[in-house]
Amino acid sequence: MTNKNTLPTSRKKKTQPATISRMYSYWFYLPAAIVFGVFFLIPTGLAFYFSLTRWTLFDATFIGLENYEYFFRDPQLLTALRNTFIYAILTSGSKVIISLPLALLLTSGLRLQSFFRSVIFFPVLISAVAVGITFSSLMQPSDGLINLALESIGLPQPDWLGDPDLALYSVIMIDIWKGIGIATLIFIAGITSIPTEYFDAASLEGGAWVKFRHVILPLSRNATFTVILLSFIGGLRTFEIVWTTTRGGPGFASDVLTSVIYKQYQAGFYGLSVAGNVVLFILIMSLVYPLMRFFNRMELEL
Amino acid sequence: MTIRNNLTRTLIDIITLIVVSIVFIVPFVFIFLTASKTQAEAAMFEFSLPSQFRLLENLWEVIQFRDYRMVLALWNSFLLTVGSVLLIVILAAGVAFVVQRRNDRMASLVSTLMLTGLIIPPAVVPTIFVLQEIGLYKTLLGLIFVEVSIQLPFAVLILRAFMASIPREIDEAAIIDGSSPWQLFFYVIFPLLRPAIITIVVVSAVVIYNDFTLPLYFLPGSENVTAQLTLFSFISQFSSRWDLLFADVIIITIPPLIMYIFFQREIVAGLTSGAVKG
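Sequence lines, in order, name chains E and Z.
Residue numbers for the first sequence follow UniProt numbering, so the first one is 1 and each next one is one higher.
Residue numbers for the second sequence follow UniProt numbering, so the first one is 1 and each next one is one higher.
If you are wondering where the hints come from, they were derived from the structure by calculation, not from laboratory data.
Beta carbons: idealized from backbone N, C-alpha and C, even for Gly.
Please note that the accuracy of each hint is not assured.
[To be verified] Some, not all, of what chain E presents toward chain Z, calculated at C-beta under 10 Å:
| no. | residue |
| --- | --- |
| 1 | F39 |
| 2 | W55 |
| 3 | I261 |
| 4 | Y265 |
| 5 | M292 |
| 6 | F294 |
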């Protein structure tokens, strides 16, 4: 190995010669490995252990699966679990349904195109807390702007964030409002990267529908997958908008896993809080990995 | 025919303008108007012009509130954001450099770990435990490390994709010229990564600056307050001061807005190329 004459004249496909791989030294990994290991991997590993304990941050008593049993027996926690699903599915679905047509519109040569793109992207820059606060005032039941507008055209005025049947869906709408900018941007990128020859070919065959059905839809499949995956993961992990608008209320009507984790933490039930975290890991892993694999297969078929 | 086309065009323009205005512009006008009102008027949540325009007074009052706590908060957010972003860029570039160039078992292990980090949420309470053990709980430095570990996977993903577009011949030329691994990385590769680095700087800066959850867990107490948390204290204690709350919203939105205006093109280009390919 230390022989200086090992520099090969023709390089094989996978194995790199020693001099070359020496240039890409593992030392470059080290700083990132320390930070990622200490502040992400170790806590993640500890979560699995502490979720099996009654934990005060100082000492932990092993209690087996008791936290999980409690978690899956408590109807309020089960509501949170169900809400997390609803949240992730509705936000990712709606973002695709709304932002694909929006992206089509914004690549069709409107006069104010770049202005619209900036306006739609703007909520992305604002913090989720600020968005949450703004919408809790806009959604005030009696004097909020949304209900005043509904009143003026004679429609019923629901208590958006105060009605237990409605609160979760109001929060979901706020999330969609905030996230539509990124989704649209990804679609715009997907559509604009389609070579123009495809469009030319499609316009020979027929009108706008052919163009959409046979060119745009299949060729922006990657963008669609990206939007679905990003917003699905984001939806399962959501916290800030829920916390600033309803704090999981009224009652527990709009609680999601992350708000439960925070509440249990605040109440000092650290073991239970971490069990919630582990449930969230497992949920995300078991849903997102198959989804990714499925999308990858679809892409290969393309 | 063309006249009719033009007419439909204009009609679509107008309809889009109306819908986009209602859905996206009205909330911002509302923020601005409410921040300009008196306490009593702001509490009515009306969409109306203020009877007296008090925006500057309200902004000033927010800044002075509790011995200039806002200034401290913005300073803390600045340190948090700059510190985290610097570390993210340097650490991620090193990882992306080696992961993309090598294709051994270690590289695929690192890729898997990064993907995992991108998907699963951080285990917050055990992280508090770790920070306490090493004496970094409730410190800005501790939060910086946590933010870095969370943002790192995204940065590696973008940089790795970009790294693939840098030809290996460049590395080989540098090697023949006798450069060491560190020279190759810092003088040759790192400068070439510039477009991707700009994207990461802007995106991570906005995300970390806007982050509310992690400071909520890791920086309790008033001496370590960040910009987003000032808002939180307004809601919990001064729910009646909607005028100041929205003035605060305006103040804390200025930094990301400035970033956006300066780097608009780079964000859009970088984010989309990274996201769609990734």
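Each hint, compared with the structure:
no., hint, in the structure
1, F39, "holds (4 Å)"
2, W55, "holds (8 Å)"
3, I261, "holds (7 Å)"
4, Y265, "holds (6 Å)"
5, M292, "holds (9 Å)"
6, F294, "violated (15 Å)"
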